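Chemist: Note that the protein sequences, when read in sequence, are chains A and B. Here the first sequence stands for residues 0 to 338, where the numbers follow numbering that gives the first Met the number 0. Here the second sequence stands for residues 0 to 269, where the numbers follow numbering that gives the first Met the number 0.
Keep in mind that the hints are not guaranteed to be accurate.
[What the hints assert, rightly or not] Label-pair restraints from in silico Cβ distances: (1) B:Ala259 - A:Leu167: 36 to 44 Å; (2) A:Gly50 - B:Arg258: 27 to 35 Å; (3) B:Leu255 - A:Leu167: 35 to 43 Å.
[As the list claims (entries may be wrong)] Sample of chain A residues lacking proximity to chain B, with all beta carbon distances greater than 10 Å (derived): (4) Val107; (5) Glu147; (6) Val282; (7) Thr301; (8) Ala313.
No lab work stands behind these hints: they were computed from the structure. A quick note: this is a predicted structure, and the numbers were derived from the prediction, not measured. In this text, a Cβ means the ideal position worked out from N, Cα and C, and glycines have one as well.
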Amino acid sequence: MADTRADTAGTGGGRDGQVAVEVHDLVREFEVRRSVGRLRRAREVVRAVDGVSFSIAAGGSVGYIGANGAGKSTTIKMLTGILTPTSGTVATCGLDPVRHRRRLARRVGVVFGQRSQLWWDLPLAESLRILAAIHRLPPAVWRPRRDELVERLELTEFLTTPVRQLSLGQRMRGEVAAALLHSPALLVLDEPTVGLDVLSKERLRIFLREELTRNGTTLLLTTHDMDDVERLCERLLVVDHGQLAYQGNLAGLVARVGAQRVLVVDLAEPAPPLDGIPDTTLVGLEAGGLRQRLAFSPEATTAAAVLNAVSSRARVRDLSVTEPDIEEVVRRLYLSSGR
Amino acid sequence: MADRPSAWSAYRAVLGARLRAQTAYRGSFAMEVAGNLANSGLEFAEIYVIFHNVRALGGLDLKASLLVFTLSRVGFSLADGMAGSMDEVPRLVRSGTLEVLMLRPLSLLGQIVTADLALRRFGRAVLALGVLAVVLRIVPVPWTPARVALLVATPVAGAALFTALFIVAGAVQFWLVDGAEATNAFTYGGSYAATYSAAVLPLPLRVFFSFVVPAAFVGYLPTLALLGLPGPAGLPAWLGWWVPAAGAAALGLALLAWRAGVRRYTGAGG
């Protein structure tokens with residue numbers, strides 16, 4: 000079954016199912032034409048992906064992060080056989096994605112958050128039935144799998160509703176079920192939680208976490224949501240201008256850029272500036288001291304310790320903690336790498 | 000896996016679902032079919048009016064001309080029913096649906112063709128076949144077994160020819176919607192690409208190729224062969240017997256063009 004040719008040129012990663020994705024020196028250029036003057040058109044070559052190398056072990060979960068236009072989608076398209084690399088090598092599940100697009104499709108499940116793989120005018124149940132036929136799954140295989148997904152993703156109540164009438168959260172659960180019906184070895188999720196409410200996001204994460212451990216599925220996830228990364232990804236790849244800017248875990252990234260959480264306290268009565276609390280910086284003072292913001296590094300102290308210190312100096316009525324968002328962390332990373 | 004279903008069962012599932020979706024709203028489906036039939040009926044009426052007043056056209060009399068027109072209509076309407084959804088290619092490219100299709104273990108062309116098999120379009124084929132039956136009763140064909148075979152083969156070959164043209168028109172889109180894949184990479188979702196106006200191009204293109212280039216093969220030449228008439232200079236009547244070969248060749252070329260188009264989309268060069 001394994002491809003005998005295409006992936007041997009890679010970095011020598013195992014081909015015995017140990018490596019789910021192996022990418023070496025991947026480059027993708029696009030030719031963009033712009034009008035210059037009335038008739039002339041300038042051709043300009045843009046490098047969307049510029050020499051990216053990484054590998055994902057089978058069963059690993061990796062977050063692929065970067066600003067819009069950093070080259071995330073282009074990379075995913077090369078991993079799944081939609082786009083041919085300009086240069087470099089890709090092996091997904093041991094296959095050359097473009098040459099073996101159809102064979103690879105049986106082993107990979109993809110959810111593009113903003114496009115649907117379901118049939119809009121058909122009920123979800125029907126879409127799942129068609130997808131089972133498309134993947135040529137025998138009923139003895141797909142029916143139990145469908146029932147399991149329906150139960151775990153709680154699809155029962157809208158299984159017979161046409162997809163176009165579903166809420167975003169319901170549809171996304173349907174999309175995930177559709178991508179997992181054929182029990183793929185690799186699951187690629189492109190912005191799966193975008194636009195979902197907090198509860199839906201959380202339920203989806205719990206499901207995914209469970210799915211990964213149960214079936215040993217490899218996950219590649221692109222997201223703008225820090226919580227997705229925290230909850231789902233063991234490892235992070237940060238891309239910027241088509242190049243890998245960081246590779247490692249979230250704690251390492253946060254430590255490297257010194258991203259800070261902010262504790263926002265609403266006080267019972269106006270208080271003098273809460274400066275001098277250990278390991279914090281006072282970053283905001285509103286309403287004459289009624290609301291104050293204290294930034295701290297999660298490595299240096301905890302929200303509880305900061306709250307304790309604040310409580311000894313003023314009466315706290317309400318509080319919230321804001322996490323560093325991905326954009327912020329990535330921006331800091333870019334700054335620190337001198338871009 | 001011993002009892003793994005065939006690829007055909009995949010297409011059957013898609014087609015079955017499409018058909019159910021189309022017939023789900025019976026009222027609107029019936030109206031669409033009626034509208035289509037009325038439209039095709041008008042076309043035939045138009046031809047009748049023209050030939051009722053003109054006794055001969057291009058060396059053919061009314062009856063022979065009717066046969067030319069009817070044969071080509073049968074071929075065209077069959078092809079339109081099958082491959083008419085190739086029109087959708089620009090929309091599939093812009094909306095990113097093409098990429099969703101590429102993530103499935105089926106042929107891209109097969110999926111696009113089956114994605115929107117329009118039942119109502121086959122209504123026209125049925126009408127055209129009905130008219131053909133009537134025309135054959137009034138056209139004096141000197142029947143031989145070979146001519147019967149040619150009569151059966153002609154609509155099939157005609158459908159193949161027109162299908163080939165639909166496929167080529169779809170493949171051409173990969174060049175016309177130029178840059179969409181590049182913009183997709185940067186805008187995600189490709190809403191920007193929707194500002195391209197490539198969709199205006201294919202229609203005249205299609206009209207040209209549909210009615211000018213292959214018309215001789217799907218109607219005129221077989222009619223000459225069926226009626227045993229001599230062809231005009233440069234277009235010998237025996238060419239009519241080559242209609243099936245022409246259909247097969249056109250389909251083959253169209254598939255090559257489609258492959259080149261997909262390769263262009265994926266950026267594999269070519």
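Chemist: Hints first: check each against the structure and report whether it holds.
Modeler: Consistency of the hints with the structure:
Between Ala259 of chain B and Leu167 of chain A the Cβ separation comes to about 38 Å, which falls inside the hinted range of 36 to 44 Å. Distance hint check for Gly50 of chain A and Arg258 of chain B: the Cβ-Cβ separation is about 30 Å, which falls inside the suggested range of 27 to 35 Å. Between Leu255 of chain B and Leu167 of chain A the C-beta distance comes to about 42 Å, which sits within the given range of 35 to 43 Å. At roughly 7 Å, the least C-beta separation between Val107 of chain A and chain B is not larger than 10 Å, which violates its mark as non-interface.
Residue placement check: Glu147 of chain A keeps its beta carbon more than 10 Å from all beta carbons of chain B (closest about 20 Å). Here Val282 of chain A stays apart from chain B, with its beta-carbon at least about 33 Å from theirs, past the 10 Å limit. Thr301 of chain A, annotated as away from the interface, keeps every beta carbon of chain B farther than 10 Å; the closest lies near 37 Å. Look at Ala313 of chain A: its CB is around 46 Å from the nearest CB on chain B, clear of 10 Å, so calling it non-interface holds up.
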